[in-house]
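Based on the hints, put chains V and Z in the right spot on chain A.
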Amino acid sequence: MKKKGLLMLFMTLLLAACSSGGSQEEAWKDMSWEAVEEEADGTEVRLYMWGGDEGINRYIDEWAAPRLKEAHNITLERVPMDAAEILQKLQTEKQAGKQDGPIDIIWINGENFKNAKENELLAGSFTNKLPNFNEYYDTEDPAFQTDFGTSVEGMEAPWGKVQFVFYYDADQISEPPSSFAELQNWIHDHPGKFTYPRAEDFSGNAFLRHVLYAQAEEPSNIYENSLSEADIQPAAESTWAYLKDIQPDLWRSGEHYPNDLTELDRLYSQGEVWMTMGYNESRAESLIEDGVFPESTRSFVLEPGSIGNTHFLSIPFNSSNPPGALAAINFLLSPEAQLAKFKPDYWGENTPISFDQLPEDMKQEFEAVDRGESVLSTERLEESFLPESEAAYVEWMKEQWFDEIVQP
Amino acid sequence: MNQRPRLFLVITLLFFLLPVLILAAQSFSAPWRFPSGSGLDWELGSYEQLLQSPMLWKATFTSIWIGFIVLMLNVVIGVFTGKALTTVPLKGRPWVEALLLSPILIPVLAIAMGLHIFMIRAGLADTVLGVIIIHLVPTVPYSIKIFHNSYQQIGRAMLEQPHILGSGFFRQLFTIELPLLKPALRSVTFLTIVISLSQYAITAIIGGGRVLTLPLVFFPFLESADASVMSAFSLWFAVIPVVMYTLVEAVILLLPYSRLPWRNKR
Amino acid sequence: MKSFSLKPYLLFLPSVLFMLLPLYGLLTAVLNSFGRHRGWTLDYYRQIFESKRFVMSLAFSLQTALIATLLSILIGLVLTRSFYPILEKITPRVSVWIPMLFPHFVWGYLVILLLSETGVAAQLLTAAGWISDPQHFPVLTRDPHGIGIILTYVWKEVPLVILMLLPVYASIRPEYYALVDTLGGSVWNRITAVELPHLLPVLMETSLIIFSFTLSAYEVPALLGTTFPEMVSVLSYDWFYGSSWQKRPLAFAAMVSISFVLLVLSFIGYGYLNKARWRAVKGNRS
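Chains as they are written, first to last, in the working numbering: chain A, 1 to 408; chain V, 409 to 674; chain Z, 675 to 960.
With the rest of the complex left out, here is chain A (with noise of 0.2 angstroms):
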């Protein structure tokens, strides 16, 4: 009996085993955009995205899905996950051989979308199929055309865009230091008001390449040449210079970093440090609204510049419904959606798309909008931006960094 039930449960192994696999893919290739949306129309769309942000949930569950099911009959369900692990759930299907996998989109970009398309995660080239895409987007912006480095090849569409900013108490502190000079002197002069997310944060690894970027001759140096340690030799040793002589002067005397930007915004919100940071700069609209952040929040950049990146959606090699990924991408890529997401209301982000190519009416919207006092002018963000570096930095970094500053 006991033999019995172990030769049936290895029966149903073997069964399982040889019953997957069998694709039925690629079909959506090859069909117009009538057919994408037939297709699509009464489908389920999952799209696997970072959660921890409310504001962003809320405009995906309150605004975005409740339209896609009016306008296309597209249910949408959004599932939180960090990108890192979406991507390791997908490496382990593509081993398996798993061709229906749960994920029709996903929220990506940076290194995340280099090891997805190195590993052959991605569904492939569809951003020429969206209509919206090709009709308000310039669809030659270098920003589009790489990720951190990596050439995007039409296989992720542009979603936002974000730039990095610093976010301070305007009660507490009545100027904010304007370079990274200035920063280090403030930080002298405020020990234990100053920290930064440990290096596998994606923002705190971010503040780091902006210390780099500061540390090197000209930022360029750093965005425009691939990785190599030699190189870049100089600028390293004198950001590792940096932040050591900051360390002592840290909160908690830099023995602990944050694990994450939002443990950083605890530290922030409680008082404890005068200051906090991150990608989208007008992320603090929200937090002021519920109360977490204190009202007189505002933003400032450092010389020399203050990075932005693009984030993408894309469609997993084993989406179950591409037809359904690509109707819900091209309508998040509406400019009504668009619309929605720069409103400070939910998320306050800025759009990827371009103000030229829509109607004079939404145009005029968009120019409408009032992104909140905490968010620097437009004209601010602009003459600050600097582009990301190769996505290899970030991954350099977070070596680095450990052994360099935290290992003693």
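Honestly, I wouldn't trust all of these hints.
What the hints assert, rightly or not - Mimicking DSS-like on lysine-lysine, the simulated pairs with C-alpha atoms at most 27 angstroms apart in a straight line are:
1. K117/A - K161/A
2. K499/V - K69/A
3. K681/Z - K499/V
These are computed hints drawn from the structure, not numbers from a lab.
Relative to the frame of chain A, chains V and Z by itself:
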């Protein structure tokens, strides 16, 4: 001897009740900033925000459903194995016991990753069933342990007697063993439900995000800046084991020889 | 006696089926740690044990888990022994189990809420004028000594220890104590002659369970740990879910190493128990 209950009361209040009361107070008031002189600012906003979320309800029901099935399977496996370990003659029994305990001595994350490919091939990944199966790994060894301990306390003599008297397997189980296993049933209920509710990583891996349990909603917010919502959410986690415990207590009352509340005490 | 044939072994069927899960999972992990997909090698083990980061992390994890385990067992034992007649009643019992109602990471959040530098304790002490500024509150969470992790685990595991020990104490027949008293034994004799033989197996197992859990669980150290030193589980998780997949086998190697440590410990523990039990059986059955 008279001081003992008092000492117990102080310890319990301070270390076991007070923290939860503070959590409750925080959940019903705006985030605290005492040093600035402000007091408690009572409000229900955090619960409004929490209970309005459709995701919370969906996740709650999924978690309860998973926890319930995991509990049932745990009781079955635990009772059978606990009894087997007590009554069946075995060579090297301690090693068998160690083997049965080993699943919780191995990092469960490693097991889950190892099983993931198998689960995908068997069509169990991204399903509630797959999550139930993986939740067995960190729970069943505890249950076996607890039921085994309990059976040992009952003793072999007690287990052999009904058999000699001609009782059938299930009759013996329901009239003699389960009533004697009451403390074990309570412990297993508690442990199983709470452990099942504690699994973030392995649920994410095997459930693939499609099986949305409470930790999957909670964990991304763990660092969230809003202490009030977090406190309310934290308390929400305790509601499920309490409901389950109450249910199991009710079931236990139905077992033979239970001291029913409406009967005389002692 | 005829009935003790093959039939009783059927009782093991559910557990045998169950055991296939973790064994298959572990086997896959071990194979991966030896580089199943990239050619067999010991290189991953060499890499982790040559890495200062891993070795220090392993030492820190062992230390933290050991302290947490010993404290939990000790406190749990003292509480159960002192109060088990009270704990027989449902209200006190349920009160003590309150921390068990919450998942570990929720209790970790509570510890932060209470004991961080801006936590409730620091705020109250400041408001009461005991410390001039919340900044002077000792660093108890996300500290380099693992205090926050240990606190959370002890707080959560003490009820578990009580849970495991309570049935044992409840089952000790008062006659045994009476016997010790009649023979003129002291309290110490009560403990060593009556309680310890009952307790030893449970204590051993509970220690192993807590030790392995605190050594390998991810959630609490991720929440309450600091940047350095970090627990092995956090490091492995980073290797696992970090963006660089070249490190996946390292994570497997790290986890298999921990499993190995734990399995050896349990072998020692069970071997000792086996002997002790054998001795007890020989001594008692006269």
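We went through each hint and held it up to the structure:
{"no.": "1", "hint": "K117/A - K161/A", "verdict": "21 angstroms, holds"}
{"no.": "2", "hint": "K499/V - K69/A", "verdict": "64 angstroms, violated"}
{"no.": "3", "hint": "K681/Z - K499/V", "verdict": "17 angstroms, holds"}
Figure legend: structure checked against the earlier numbered hints; the only hint not met is number 2.
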